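Using the sequences provided together with the hints, build the complete structure.
Residues per chain, in single letters:
Protein chains: 4
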Amino acid sequence: MNLTDEQKAEIETARTARFETVRPTVPALEAMMFNPLPVLDHGFVRVVDYMGDDAAVVQAARVSYGKGTRKTTEDDGLIRYLMRHHHSTPFEMCEIKYHIKLPIFVARQWIRHRTANVNEYSARYSIMDKDVYIPEAAKLATQSADNRQGRGDVLNAETAARVLQLLRDDAEQTYNHYEEMLDENGIGLARELARMNLTLNTYTQWYWKTDLHNLFHFLRLRADAHAQYEIRVYAEAMLETVKAWVPASYAAFCDYRLGAVTFSARMMDVLKKRLAGEAVDQSASGLSKREWSEMMAALGTGPLTTK
Amino acid sequence: MNLTDEQKAEIETARTARFETVRPTVPALEAMMFNPLPVLDHGFVRVVDYMGDDAAVVQAARVSYGKGTRKTTEDDGLIRYLMRHHHSTPFEMCEIKYHIKLPIFVARQWIRHRTANVNEYSARYSIMDKDVYIPEAAKLATQSADNRQGRGDVLNAETAARVLQLLRDDAEQTYNHYEEMLDENGIGLARELARMNLTLNTYTQWYWKTDLHNLFHFLRLRADAHAQYEIRVYAEAMLETVKAWVPASYAAFCDYRLGAVTFSARMMDVLKKRLAGEAVDQSASGLSKREWSEMMAALGTGPLTTK
Amino acid sequence: MNLTDEQKAEIETARTARFETVRPTVPALEAMMFNPLPVLDHGFVRVVDYMGDDAAVVQAARVSYGKGTRKTTEDDGLIRYLMRHHHSTPFEMCEIKYHIKLPIFVARQWIRHRTANVNEYSARYSIMDKDVYIPEAAKLATQSADNRQGRGDVLNAETAARVLQLLRDDAEQTYNHYEEMLDENGIGLARELARMNLTLNTYTQWYWKTDLHNLFHFLRLRADAHAQYEIRVYAEAMLETVKAWVPASYAAFCDYRLGAVTFSARMMDVLKKRLAGEAVDQSASGLSKREWSEMMAALGTGPLTTK
Amino acid sequence: MNLTDEQKAEIETARTARFETVRPTVPALEAMMFNPLPVLDHGFVRVVDYMGDDAAVVQAARVSYGKGTRKTTEDDGLIRYLMRHHHSTPFEMCEIKYHIKLPIFVARQWIRHRTANVNEYSARYSIMDKDVYIPEAAKLATQSADNRQGRGDVLNAETAARVLQLLRDDAEQTYNHYEEMLDENGIGLARELARMNLTLNTYTQWYWKTDLHNLFHFLRLRADAHAQYEIRVYAEAMLETVKAWVPASYAAFCDYRLGAVTFSARMMDVLKKRLAGEAVDQSASGLSKREWSEMMAALGTGPLTTK
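Chains as they are written, first to last, in the working numbering: chain A, 274 to 580; chain B, 274 to 580; chain C, 274 to 580; chain D, 274 to 580.
Bear in mind the hints are in silico, worked out from the structure with no lab data behind them. Please read these numbers as outputs of a predicted model, since none were measured by experiment. Careful: at least some of the hints might be erroneous.
If several chains are the same, the list does not tell them apart, and a pair holds so long as it fits within one copy or across any two.
To be verified - List of simulated lysine-lysine pairs, DSSO-like, C-alpha gap at most 27 Å: (1) K403 x K281; (2) K516 x K281; (3) K340 x K516; (4) K516 x K344; (5) K562 x K546; (6) K562 x K545; (7) K344 x K562.
Below, the structure is given as structure tokens:
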């Protein structure tokens, strides 16, 4: 993270201000607010505002006049019930706003989540900072042999060095040319044109605001092991903020979404047979090889795989 | 409004609590929070939470690290610029949540605004209150002769009395039968079935949450003179809350939306000719009679109409 | 269904027209088009337009220049893969439009699905038909004792007769008063006001258009055994149209959604222990009684429950 | 446009197929289907499917059983009425699907229109083509002096040549390194990583589907003179397809949106005074200088500007 002194001072000012409110307030999240959580080499996630808490979920589900909460165990039970049965609207009653700095190729994946509000730093209007994502060598891997959209083995040191050299030099050169084209005492090209010379690992920034239901949807997909590493680390940082903000909803989310497994109708047939003591192998299961291995992975290396 | 003592106490508890926060806070709106603003005979609107303020609009537009505000006049100018040029995303960075009690036929119009979060009191799960909207006599009017979806003259006293009698008696009878069907010591019919006997003026309630941009869109349509009276009064109550919450955005909204007039390309031709001193009447204008009268109404009864 | 002769003739005209197109076309769905499928006593669902087919899902997933399809087995495999991994955007590339007649209380549940386009018959503008939903006696049931939003036992004949009497008489009376208030030679009340006297089982109509992904989401929730009977029958009629339209996507939907079961992280622990031959009962499972019984129901009354 | 022979053959096959349908069909649009309309140096827009026509707008507005159309003049009048009064839902009943090839920096603007369905060519899964947008020299302009997000004067020949040289060389080099990193017999870097070295003028492709109302919204903003040239040319190509598809809706759109002008409440005061023969200049108008000049521009160089 390359924050200027001015930016650091602005953040400090925001963090030390104190206001009085009648609104639901979450001290654990207040303590994290405005502070950038570092992600990748120059990126960050920081909470800049929020609305609601676990009690607001309960309150909306009950359409109540006051807080709507009862005993903690009852409220937790209700939150778990809502999550389990996909009653999503009460979770939509909480809202959070982040300021995020992220590489453009990550931003392009991210923006496909349409149910959110976004204000991005405008490269038509402003000049982009010279911040470019260069991966750690340990994260450079070959194309996966068996997953067309994944990574395989980590590159050896020499090959990794070559990749890093290419990425660094090309980013340096294209950014320098970007600056040359923009130079008001030189070419003075319009910003909306000059930006096209930047590479996709250039960092951008945005304000991104969403409700808790849609945030959970985002996190389930992006904190998943199949998500690209460079977006997953953002999801992981955000999970920490959600845990501080709405601990009961977060726990229900972990149980019913992050850690849950869905079995298809065909998989359920296999499962029922197995539980009844019947041996079933892939060829008799009606499942493709890939589905079979996905199912076995979900169940762990148990008795099913050995038959 | 028929609030129970318990409901009043819950509201009072919420109003008198005080929490400390680092979030943007609007004292003028805090002072209104939780308090029901009466609408129609038994309805209300009350603010139950909010996120952001005028400065948050500016902050998002600038994707800034701190508050992002400069001089008040600069910030106001930016807000006016954003509103004028339909740069809607910064206004989406503010969010507000209402608890609303409203007749079902109003709720059915309201819900067509899709970009909002809603939790409605469930008549599958709970028993509906015996609250029914009965209009004031002064609001009972005939079908408009020239507008197929509007009202004309107010009914005379005798006819109005007949209408009120019918509405009251039918609401009373259908609700009593609803209760009879629900009675656990009698028929015990499922709630999801019994509810079908209620009339459309029965009150329902919901939590309704939306961002400032979509709220403005709602208010522009529903605070309009062509909106049905029974939804317009809700929009008017909400306008008061918006004025307290984001005064600069509200002022820009009044100027560029509520009080603005759009002229079609054909109307612009008429307008330019008139400003050049040329006489144009409806037959030569290319406008239909209705469009012509809409245009004249927008311009006031001025020189255009007398030529 | 009470169709007028004029309506029948209009439908017949549409059904017998023939046009030439280069667009993807599905003969099995063409054969069903415009024809109302009866639902409840006066309701219906009829397909009035559609866009795309199974091949359009494949084509979009491949962003191809032509049809994008290969061997049927490859295409089916891709569709199954997309469904299994929640790659929903290719399914959004198919669109369908229905004309639906349904009771207002059903319409109020339905409209909560926001990602669809709707044009409803306007009771501000037009006079509502005298069509009211009266359930069959066999569908009248008590409030469920163990599910706060469900039905229990069917009413006995005498009690059912009383309920039907109440529903019929109240609907008859409120509709007659609606007509009396509207009478242009009598009271002449504005339509937007008179409508409030109608009961919630009055039928309304709308055009409803959505994409295949969102339709599947609707059908998964509304064709579910926990959905209210009166909306489930609409979902079932629509399932028939989807089966004719996109058979491969429909089959994947049945396997991975309708017939699938999701186990929470805690349930997975139980499952793995059981598969390893370990006995686990509810008290040791970490599951609530309700979750335990939901899990046992999903697995069938097998060896797990007897231990 | 660089289409391969295989791609051309696929398009030709699609264009010459003929199917029979009972659906609304628009011969003028059928004749354009599948054919790529060239945009910029390597981009295109082509219609790959559509649903509905002008009559479908009318039919939905009337919630009719048959075509719902009456005399052409009545239908046109209804369409104009709907457009004028922002009754947008009937226009949502028509849907269109495009296959579009466009530079990534244009795609990043485009995707901010959230109410659409998108399937983009995946650079995690596939290798990007070597197609890069290089502007024509005549389109290279300086940063605008008075509009922070616009262009000013065209560059002189020598400066333009330098810019084109930089853009070409950097695109060539970064793409070559992209290929080197991907090479399966060399580095074999994962595609999801290698793509980050590409510049923002690299072409991508997507299937993009939206309804007519949202398409009009997109076109109003992107066919506007203030939109960046590189996205405006796509909007202009799409306007041609809309004109062929729904001529009556298109005409209403041109009159009430593209050619329309909105005056703020303050501007209306100025206008009314002027029409009453009163002289008003900027200083007395309550308008900022920028607003005043926007208003004068909208009215043309008439008597107002000379006072």
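Open item on the list: Run through the hints listed earlier and report the numbers of any the structure violates, in increasing order.
Closed with: none
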